[in-house]
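A.B. asks: Chain order of the listed sequences is A and B. Heads up: the first sequence runs through residues 0 to 211, numbered per numbering that gives the first Met the number 0. Heads up: the second sequence runs through residues 0 to 360, numbered per numbering that gives the first Met the number 0.
These are calculated hints, taken from the structure and not from any lab test. We put the CB at the ideal spot given by N, CA and C, even for glycine. Check each hint, because a few of them may be wrong.
[Stated by the list, open to error] Between beta-carbon pairs, the in silico distance windows are:
no. : chain 1 : residue 1 : chain 2 : residue 2 : range
1   : A       : S32       : B       : E194      : 49 to 57 Å
2   : A       : G145      : B       : P12       : 40 to 48 Å
3   : B       : S28       : A       : L114      : 29 to 37 Å
4   : A       : T211      : B       : D166      : 38 to 46 Å
[Said to hold, decoys possible] Listed below are several chain B residues computed to face chain A (Cβ distance under 8 Å; list not exhaustive):
no. : residue
5   : Y67
6   : P130
7   : R174
8   : G176
9   : R207
10  : F209
11  : V210
12  : E227
13  : R236
14  : G237
15  : R271
16  : I273
17  : P295
18  : G298
19  : P300
20  : L318
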Amino acid sequence: MRSNGQGLTIAVPRGALFKDTLDRLDAIGIDTSELRFNDRKLLFADIGVVTMRPSDVPTYVEAGAADVGITGKDVLIEQPERDVYELLDLRYGSCRMIFATIDGPDPSAEALRRLGVMRVATKYYKTAGAYFEQTGRQAEIVEVKGSVELAPLTGLVEAIVDLTATGTTLKENNLVIREELFTSTARLIANPVSHKLKAEAIDELLEKLRAT
Amino acid sequence: MVAPTRTDAQVKPLDWQALMRPQIHPIPSGTRDVLPDEMRELREISEAVRGIFELDGYGEMWTPTLEYEAVLARAGGVPPAYRVFDDHGEVLALRTDMTVPIARVVATRYATADPPLRFCYFAHAYRGVRPHRGQMREFLQAGIELVGAPAPDGTAEALTVLCRALDAVGLRGYRIGLGDASLYPTLLRSMDVAERAGEQLMDALGARDFVTLEAEIGRLGLDDADAELLLRVPQRRGGPDTITGSSEQLFADAVAGLRGVYELLAPEVAERVIFDLGLVRELGYYTGAVFEVYDPALGAPLGGGGRYDELLGRFGRPLSAVGFALGIDRLHIALTGEEREVAAAIGPLSDVHVQEPVVDT
Chain A
0 MRSNGQGLTI
10 AVPRGALFKD
20 TLDRLDAIGI
30 DTSELRFNDR
40 KLLFADIGVV
50 TMRPSDVPTY
60 VEAGAADVGI
70 TGKDVLIEQP
80 ERDVYELLDL
90 RYGSCRMIFA
100 TIDGPDPSAE
110 ALRRLGVMRV
120 ATKYYKTAGA
130 YFEQTGRQAE
140 IVEVKGSVEL
150 APLTGLVEAI
160 VDLTATGTTL
170 KENNLVIREE
180 LFTSTARLIA
190 NPVSHKLKAE
200 AIDELLEKLR
210 AT
Chain B
0 MVAPTRTDAQ
10 VKPLDWQALM
20 RPQIHPIPSG
30 TRDVLPDEMR
40 ELREISEAVR
50 GIFELDGYGE
60 MWTPTLEYEA
70 VLARAGGVPP
80 AYRVFDDHGE
90 VLALRTDMTV
100 PIARVVATRY
110 ATADPPLRFC
120 YFAHAYRGVR
130 PHRGQMREFL
140 QAGIELVGAP
150 APDGTAEALT
160 VLCRALDAVG
170 LRGYRIGLGD
180 ASLYPTLLRS
190 MDVAERAGEQ
200 LMDALGARDF
210 VTLEAEIGRL
220 GLDDADAELL
230 LRVPQRRGGP
240 DTITGSSEQL
250 FADAVAGLRG
260 VYELLAPEVA
270 ERVIFDLGLV
280 RELGYYTGAV
290 FEVYDPALGA
300 PLGGGGRYDE
310 LLGRFGRPLS
320 AVGFALGIDR
330 LHIALTGEER
340 EVAAAIGPLS
350 DVHVQEPVVD
360 T
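Between the sequences and the hints, there should be enough to build the whole structure, so can you do that?
C.D. replies: Structural data, given as structure tokens:
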């Protein structure tokens, strides 16, 4: 799987970043037409591409199973222990990590005031935990795997920390953004050993991506 | 190295009933048992390394696994992850490397000995890392310390011993990434970057986050040439032209140390070197040249080291020093990886035709 012109294995995220990523790869001369038409295949050996969910990209890149990868800054913040190089802000896939509650009087503030602790549902366990620690608030982080918006509606929690691009889902579920943690965009990351041993190929890819 | 085919247990069909018993004797996170098949291979690697260390005049040393926490703290290395109280209420800690204990030994047991001093070790160290393959919380290191041999000669000797040891292990594809811990701080000082801002740049560099590095550099208000230098230098890596390819005086001064080392290296060592001007080692006590060992068969360094010319002084014997440590587990993983690649290049075993023995009747 070493014939994308650079001899690199590239980890490509499926999901929200998928289409923009393919457009950028097309723009730098990697033919991604097969990826677009085959959504079951995972490994595209002849262009050196493997596809996976965005949160798995740092895992593959850290271990060297992929030389470079593209994933969201939100994923990198949630997995701070991953030993990878962050080489480039690709500037697409922009979305915000937000703290939200049900519209009206802030139920999280009331929980903090009267009970001392608020309950917060999220898929980003470490990000949320670190944020409330830094801002001096006690929070019980409830980790959920699926639709986070459901949790405050059922009374499971008072608030959520989640990623939003347009805010439409929040609005439809009567949730309002109270705080913004950070803005996330797609990043190019690299394995530390590949970064040395395949320096030329990685720099060439980096410069091409920077130029598009 | 030939993989041993001996096995200690006879192959029996799996007894699922027996396997389903509750696990009632766990071992601590980040530790593991090593059984004879693996142990033979690990021993073969460490004996190969030990042979080179001894041949090159490095005497093996043992120090206590437990040290007083206050003694380890003098060095400013990795903070210990495991602490206990002894029977007098003193805080003891499991060592996080062997460099600090050997610095202590040099300052106490070799307080008046004439340098240079050469020591080697094969010892376990302990760190509070996220355990994964090749990085356990208890891990075996093989390394040397060369005390009282200043740069560039001492550094060149350490790199030579390193390559000889890796060759003896049987690794073929390895490279040595060579950088300088003082390079970026020197550049920052010569550009009069404020200390606080400089720390932020070093943090971004240490986190290998070039996106943040670029943003922070942009905030410094430097002229374009200086900003470009600060951004480009840590991304520069490759052959000898990495340190000669710029005529800028600031840069030439900053890499003078590396050039001095490179000129002393024999061709078989020099050809292994990749210059890496952004190389930052995790430990805080490095002062000059730093290096890491890479192999295409593993996604993480096999080991590394560098100069720590101020460490010995903290224990009362101000001598320059250089050393390195190799992770025996990582050498083993890389070696098996290289063997697999060779096997894959030769082709599957089924293609090999074995002549049936002719039985005379």
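A.B. asks: Look at each hint and say if it fits the structure.
C.D. replies: Outcome of the hint check:
| no. | hint | verdict |
| --- | --- | --- |
| 1 | S32(A) / E194(B): 49 to 57 Å | holds, 53 Å |
| 2 | G145(A) / P12(B): 40 to 48 Å | holds, 41 Å |
| 3 | S28(B) / L114(A): 29 to 37 Å | holds, 34 Å |
| 4 | T211(A) / D166(B): 38 to 46 Å | holds, 43 Å |
| 5 | Y67 | violated, 29 Å |
| 6 | P130 | violated, 11 Å |
| 7 | R174 | holds, 6 Å |
| 8 | G176 | holds, 5 Å |
| 9 | R207 | holds, 4 Å |
| 10 | F209 | holds, 5 Å |
| 11 | V210 | holds, 5 Å |
| 12 | E227 | violated, 14 Å |
| 13 | R236 | holds, 5 Å |
| 14 | G237 | holds, 6 Å |
| 15 | R271 | violated, 12 Å |
| 16 | I273 | holds, 5 Å |
| 17 | P295 | holds, 6 Å |
| 18 | G298 | holds, 2 Å |
| 19 | P300 | holds, 7 Å |
| 20 | L318 | violated, 31 Å |
The structure is inconsistent with the numbered hints 5, 6, 12, 15 and 20, although it conforms to all the rest.
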